[in-house]
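*Asks:* Spelled out from the first residue to the last, the chains are:
Protein chains: 2
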Amino acid sequence: MSDKVTSLNQHLAPIFDLQAAAAVLSWDQQVNMPEQGTEARSNQLATLTSMAHELFTSDETRKLLEAAESEVANLDYGGDAASTVRVIRRSFDKETKIPTTLVERETRAASQGFVAWRKARETDTFATFEPHLQELIDLQVERAGHLGYTEHPYDALLDQYEPDMTTAQVEALFGELKEGLVPLVREIAAQPEVNDDFLSLTYDDQKQWDFTLLLLRDIGYDFKRGRQDRAPHPFTTEFSSADVRVTTRIHPGAPQSAIFSSVHEGGHALYEQGSPEAFDRTALAGGATLGLHESQSRLWENQVARSLPFWYHYYPILQAFFPDQLSSISLTTFHHAINKVQPSLIRVEADEVTYNLHIFVRFELEKALVTGELKVADVPDAWNARYEEYLGITPPNDALGCLQDIHWSHGMVGYFPTYTLGNLISAQLYEQALAGMPDLEENYTQGEFEPLLSWLRDRIHKHGRKFTAPELLEREFNTQISAQPLLTYLRKKYSELYKL
Amino acid sequence: MSDKVTSLNQHLAPIFDLQAAAAVLSWDQQVNMPEQGTEARSNQLATLTSMAHELFTSDETRKLLEAAESEVANLDYGGDAASTVRVIRRSFDKETKIPTTLVERETRAASQGFVAWRKARETDTFATFEPHLQELIDLQVERAGHLGYTEHPYDALLDQYEPDMTTAQVEALFGELKEGLVPLVREIAAQPEVNDDFLSLTYDDQKQWDFTLLLLRDIGYDFKRGRQDRAPHPFTTEFSSADVRVTTRIHPGAPQSAIFSSVHEGGHALYEQGSPEAFDRTALAGGATLGLHESQSRLWENQVARSLPFWYHYYPILQAFFPDQLSSISLTTFHHAINKVQPSLIRVEADEVTYNLHIFVRFELEKALVTGELKVADVPDAWNARYEEYLGITPPNDALGCLQDIHWSHGMVGYFPTYTLGNLISAQLYEQALAGMPDLEENYTQGEFEPLLSWLRDRIHKHGRKFTAPELLEREFNTQISAQPLLTYLRKKYSELYKL
Numbered sequence: 003m004s005d006k007v008t009s010l011n012q013h014l015a016p017i018f019d020l021q022a023a024a025a026v027l028s029w030d031q032q033v034n035m036p037e038q039g040t041e042a043r044s045n046q047l048a049t050l051t052s053m054a055h056e057l058f059t060s061d062e063t064r065k066l067l068e069a070a071e072s073e074v075a076n077l078d079y080g081g082d083a084a085s086t087v088r089v090i091r092r093s094f095d096k097e098t099k100i101p102t103t104l105v106e107r108e109t110r111a112a113s114q115g116f117v118a119w120r121k122a123r124e125t126d127t128f129a130t131f132e133p134h135l136q137e138l139i140d141l142q143v144e145r146a147g148h149l150g151y152t153e154h155p156y157d158a159l160l161d162q163y164e165p166d167m168t169t170a171q172v173e174a175l176f177g178e179l180k181e182g183l184v185p186l187v188r189e190i191a192a193q194p195e196v197n198d199d200f201l202s203l204t205y206d207d208q209k210q211w212d213f214t215l216l217l218l219r220d221i222g223y224d225f226k227r228g229r230q231d232r233a234p235h236p237f238t239t240e241f242s243s244a245d246v247r248v249t250t251r252i253h254p255g256a257p258q259s260a261i262f263s264s265v266h267e268g269g270h271a272l273y274e275q276g277s278p279e280a281f282d283r284t285a286l287a288g289g290a291t292l293g294l295h296e297s298q299s300r301l302w303e304n305q306v307a308r309s310l311p312f313w314y315h316y317y318p319i320l321q322a323f324f325p326d327q328l329s330s331i332s333l334t335t336f337h338h339a340i341n342k343v344q345p346s347l348i349r350v351e352a353d354e355v356t357y358n359l360h361i362f363v364r365f366e367l368e369k370a371l372v373t374g375e376l377k378v379a380d381v382p383d384a385w386n387a388r389y390e391e392y393l394g395i396t397p398p399n400d401a402l403g404c405l406q407d408i409h410w411s412h413g414m415v416g417y418f419p420t421y422t423l424g425n426l427i428s429a430q431l432y433e434q435a436l437a438g439m440p441d442l443e444e445n446y447t448q449g450e451f452e453p454l455l456s457w458l459r460d461r462i463h464k465h466g467r468k469f470t471a472p473e474l475l476e477r478e479f480n481t482q483i484s485a486q487p488l489l490t491y492l493r494k495k496y497s498e499l500y501k502l
Numbered sequence: 003m004s005d006k007v008t009s010l011n012q013h014l015a016p017i018f019d020l021q022a023a024a025a026v027l028s029w030d031q032q033v034n035m036p037e038q039g040t041e042a043r044s045n046q047l048a049t050l051t052s053m054a055h056e057l058f059t060s061d062e063t064r065k066l067l068e069a070a071e072s073e074v075a076n077l078d079y080g081g082d083a084a085s086t087v088r089v090i091r092r093s094f095d096k097e098t099k100i101p102t103t104l105v106e107r108e109t110r111a112a113s114q115g116f117v118a119w120r121k122a123r124e125t126d127t128f129a130t131f132e133p134h135l136q137e138l139i140d141l142q143v144e145r146a147g148h149l150g151y152t153e154h155p156y157d158a159l160l161d162q163y164e165p166d167m168t169t170a171q172v173e174a175l176f177g178e179l180k181e182g183l184v185p186l187v188r189e190i191a192a193q194p195e196v197n198d199d200f201l202s203l204t205y206d207d208q209k210q211w212d213f214t215l216l217l218l219r220d221i222g223y224d225f226k227r228g229r230q231d232r233a234p235h236p237f238t239t240e241f242s243s244a245d246v247r248v249t250t251r252i253h254p255g256a257p258q259s260a261i262f263s264s265v266h267e268g269g270h271a272l273y274e275q276g277s278p279e280a281f282d283r284t285a286l287a288g289g290a291t292l293g294l295h296e297s298q299s300r301l302w303e304n305q306v307a308r309s310l311p312f313w314y315h316y317y318p319i320l321q322a323f324f325p326d327q328l329s330s331i332s333l334t335t336f337h338h339a340i341n342k343v344q345p346s347l348i349r350v351e352a353d354e355v356t357y358n359l360h361i362f363v364r365f366e367l368e369k370a371l372v373t374g375e376l377k378v379a380d381v382p383d384a385w386n387a388r389y390e391e392y393l394g395i396t397p398p399n400d401a402l403g404c405l406q407d408i409h410w411s412h413g414m415v416g417y418f419p420t421y422t423l424g425n426l427i428s429a430q431l432y433e434q435a436l437a438g439m440p441d442l443e444e445n446y447t448q449g450e451f452e453p454l455l456s457w458l459r460d461r462i463h464k465h466g467r468k469f470t471a472p473e474l475l476e477r478e479f480n481t482q483i484s485a486q487p488l489l490t491y492l493r494k495k496y497s498e499l500y501k502l
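Same order as they appear, the protein sequences are chains A and B. Just so we're aligned: the first sequence equals residues 3 to 502 in the numbering used here. Just so we're aligned: the second sequence equals residues 3 to 502 in the numbering used here.
Any given hint could be a false lead.
All copies of an identical chain are treated as equivalent in the list; a pair is satisfied when it fits inside any one copy or across any two copies.
[Unchecked claim] Here are the simulated BS3-like pairs of lysine-lysine, each with C-alpha atoms no more than 30 Å apart in a straight line: (1) K226 with K121; (2) K99 with K180; (3) K494 with K96; (4) K226 with K209; (5) K377 with K180; (6) K99 with K65; (7) K501 with K65; (8) K226 with K180; (9) K342 with K96; (10) K6 with K226; (11) K495 with K226; (12) K501 with K377; (13) K501 with K209; (14) K6 with K501; (15) K6 with K96; (16) K494 with K65; (17) K180 with K121.
These are computed hints drawn from the structure, not numbers from a lab. All values reported here derive from a predicted model rather than from experimental measurement.
Chain A extracted, bound-state conformation (with noise of 0.2 Å):
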């Protein structure tokens, strides 16, 4: 690395230290903290958040940024040194971009407006929101004035989740998509309903947990670089590439949902485990975009472990977990309920093939409203409509409908397009690895996942956060993002499952 890189990357190594502080801090909060304990842990994220944005913006990084640059200008961009500056550029030209007091209004706005955001939802009450989501929704058409776009407001917002991307890629990608799943979806509809009633019995909960950790060891997750805890709402976060921590939820009468969650935060975790050691408190490190992110927990959650081949390795396994609840089940009808397609109302319980319906359904509603082209009152019937129109089923009222999540109470918008372009993503990694290997599934059957993971490491962990997604499938695999693989391995899975 020259002398210039590496002077920006002693720069910059405690700003990721306080980052990662601001993490743990995050973590605890979400995992551990007594409930008094908020105001306190508000104000120590506040100073570390501030503090890390202070530093990274100043002076000394321009400076520092512009003398690499003129080192690595003839490299390219591929290699160690290249990357940093450039990732370092994109971050630093983003944070140095918004004023400081559009950040504080931010953060105060999304601070008011998740309570108000509960509280609504809670008391089914879109009025209690309404007015904190006109100013959440303001402020982001603010901050997309400040990043700058040539053709949509919403280009300026989804580039910070997933650069690389445009609002009219995003449109493509989702038209060609839709076309596929609504008749998928309703020809699925017309098959008769899956039995899936034992899954509502009782299933313990430190038996439910143990089968979780065998799962994650299995999958290659390692344990003295990461441990697994409970939390609300399951996520994944990482302090270095040694220290990866997953959280799963446990619901007695419903052990999929532990299942399926560890999976998927695994997922995410073995993507940051494999992030290179040397990459650690630089800008290399972790994981990507968003979308690649996503990529990796949706492949390990539903191309392996929603697949037949897993389940007849595991299925035996969970059975003798729960030999009251299962020994009279069948392999088949157990991988059938698992599998089970149902529209319904809520995003985070959807099935593989509706899941993306319901990104549909936000991702046209943000656009309106960054345009104004719809107006924050008639969100709720804008909601509902669509959803009668794409899944045929009419939400009964808003907290089951555009309350249900929490992102824009917090003035993230733009980040719901990223879910699906890792449904994409996974299906077109997926089909890569099968083409490399074409026996990769009779490793499941043995509980074994080593050459898929080595080869998610080759072709995807080790580049860390060096390409955004469309550079990242053009340098790996000279193909762009795009939604037919994933609609052949729905259409085959299902029309398979369900006898189509």
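Could you slot chain B onto chain A? The hints should help.
*Replies:* Below, chain B without anything else, positioned relative to chain A:
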């Protein structure tokens, strides 16, 4: 509060946030962190600590402090404003007297010293630690020179942990205490040995845990503002008065370990939870000196939880938890067993009577080391000779002798005396509490501790960090630190127990 003091407080609040964040990271390291997380965590802690130090010792702090001082010059130092300024001045002078280069050398020496100490203890080779101990002592002598002292270099080191106390004062107190303790230990040794075999049976881990939670709840520890976890070396830590956490350890073959660890740490925690909310994020927050802190933990552990009235209430409950182990053991036998006096090699396992003898050894050696009277190479012999003299036993090796404690490996010299000062103060406070509430201990027979806790809140906790130990005793009780109350308490209690 005056404007200038408010400005000073506002300037310092983010520094306290950084310190609290470091405390969270340190708690996490001891309670949760996966084994390979160490390196990243060290970097994160070093960054937080050095940023806090840099901000605290800045010219900005100096200016704000001087401005605030001129405003409070004529106020009594007991008031919030004047006390804040005084406490900050004390820390500021100490922290600015030590050159950054010395702190860096100390940090490096401690880091290497700790590794060498651990290895020396494992392999029982003092020689492995010897050069490191030499360096660590040399650095402490250098530190004492920077801090300044008039009589004894040890004064400067002691003052870091127990401000306002001098080596000469401690010598006088310890001398008096030793004169009373040595004959008491001899008299007890002449009595028949106490039966405590039943404490070595197997006690279920989870039940022990549940019993400690019950005790913590009953003594008044607020779980909405704290939690208990496990740690190999129990400790208490606080991130605000609303987030004060304790830890304990559980040995299946020694239930008293968890019980007294939890109550001991609970005593520390009650002190921190009793710090006024208004002091949060200011220099007045928390407990005052180490000696005062230890007085709180020891008072709850010894005067309360090792008393007979306490076990009138809790022994039947403990028997219900462990009927197989305890149903045939009488309260008298149990109470005597948990108060068994026996000279032993390890400080942290020592009983109330012999504990302070362990401290005398360390205090005397530390004094002689910093003046050069004692050579580092001669530490093992000096240690063993004193154990023979004070406790009548000679360590069979250095691992069980002078290598047993972690303190010196971290460069902490001057810390040990605060344990005994805490014991002295606990007895003084308890004597005062009993004088004011003669029926106090009857409450314990009902599992009722509110009167004692209220009294401690009112006389000790509410002052936060305002006063040093001598100041607090003077202001609240018009007295000085003294050895007599502890001697009186021990003589009375153990005369009854051992029928002396």
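*Asks:* Need the list of violated hint numbers for this structure, in ascending order.
*Replies:* 2, 3, 7, 8, 9, 10, 11, 12, 13, 14, 16, 17
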